[in-house]
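Between the sequences and the hints, there should be enough to build the whole structure, so can you do that?
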Amino acid sequence: MILEHSNGLAGYAEELASTGRTHFARQEAMDALGLTHGAFLDAAARLAKRGHLFAPRRGFYVITPTRFLKWGAPPPTWYIDAMMEASGRPYYVALLKAAELQGAAHQAVMEFQIVTDRQWKPIRAGRSKLVFYFRKDIGAVEAGIERRKTDTGSMRISSPALTALDLLRYRQASGGLDHTASVLNELASRIDPEQLLSLAPTFERSVVQRLGYVLDHLGSDELAAALHGHLYKGTIPWVELDPGEADTVIEESEPQRDRRWHVIVRRPIEIDEQ
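Quick note, our numbering runs 723 ahead of the 1-based positions in the sequence shown.
Among these hints, one or two may not hold up.
As the list claims (entries may be wrong) - With a cut-off of at most 25 Å between alpha-carbon atoms, the simulated DSS-like pairs for lysine-lysine come out as follows:
1. K793 x K852
2. K852 x K872
3. K772 x K872
4. K793 x K772
5. K844 x K772
6. K844 x K859
Claimed, not checked - Just the calculated beta-carbon pair ranges, DEER-fashion:
7. A866 x G761: 41 to 51 Å
8. T759 x Q918: 22 to 32 Å
9. K859 x G826: 24 to 34 Å
10. R983 x G876: 40 to 50 Å
11. G876 x G757: 26 to 36 Å
12. R871 x A768: 32 to 42 Å
13. Q830 x F857: 40 to 50 Å
14. Q979 x G942: 45 to 55 Å
15. E738 x G942: 53 to 63 Å
16. P845 x R773: 56 to 66 Å
17. D995 x P845: 22 to 32 Å
18. Y955 x G811: 23 to 33 Å
19. R983 x E834: 31 to 41 Å
20. P845 x E751: 22 to 32 Å
Simulated from the structure, these hints should not be mistaken for laboratory data. Yeah, the Cβ is synthetic: ideal placement off N, Cα and C, and Gly gets one too.
So, in structure tokens, the structure goes:
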């Protein structure tokens, strides 16, 4: 609760918070209070300085309850859906954060990772950091997006199948191949093979090849078979399992080439089974 009682912006925010509402739009508050743009910004700045408000996106304000003042903001799960709706952008919570929310909490996830259809810079929100990854055609993976209840409503989150494919597509977000494989080792039992197969055509073939190889390595035969059935409908080029390690050329006759997936393997995957 905000500790300043007035009929101004502080009172407005406090009243919203008392009803369970944790966010509001700038124009909405200006209209409700009859404030000019300048007067609103001044009032918002005073509350933000005291930690009671913050604006993760221009014109969108989040109310920080007293118990989260030391954090600098409430958790992103409280407002991500409303923020993206206010921005008019499709989205889903993805990658390592989605894996954690799906029960594959291999390690504490430091970033709140989001896929959307615009290139956005990261947002620092108190202790949290919102990081955005780009996918132009989010509608193509809609079947792999679920609604998850939160403390203040709901949010969109990638299913285990979509999460697995994304982990191989956005390698820079996944903590390296070993960490990705360790997360998939926990996530695999939650993946629906039919959904994995239906989503595979919406990803680059190289992503499917790499994921198939990793799933084979983990002993997830049913999931690997689903991807293999999709993959072999045409010519399959050779790809590096980890492009970051593509420092030498390996002859096709050498054992480092996995012929099932047409993946070049330069070192064994190391799984952390903590």
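Which constraints among the numbered hints does this structure fail? Numbers only, ascending. Hint check: 3, 8, 13, 14, 16, 18 fail, others pass.
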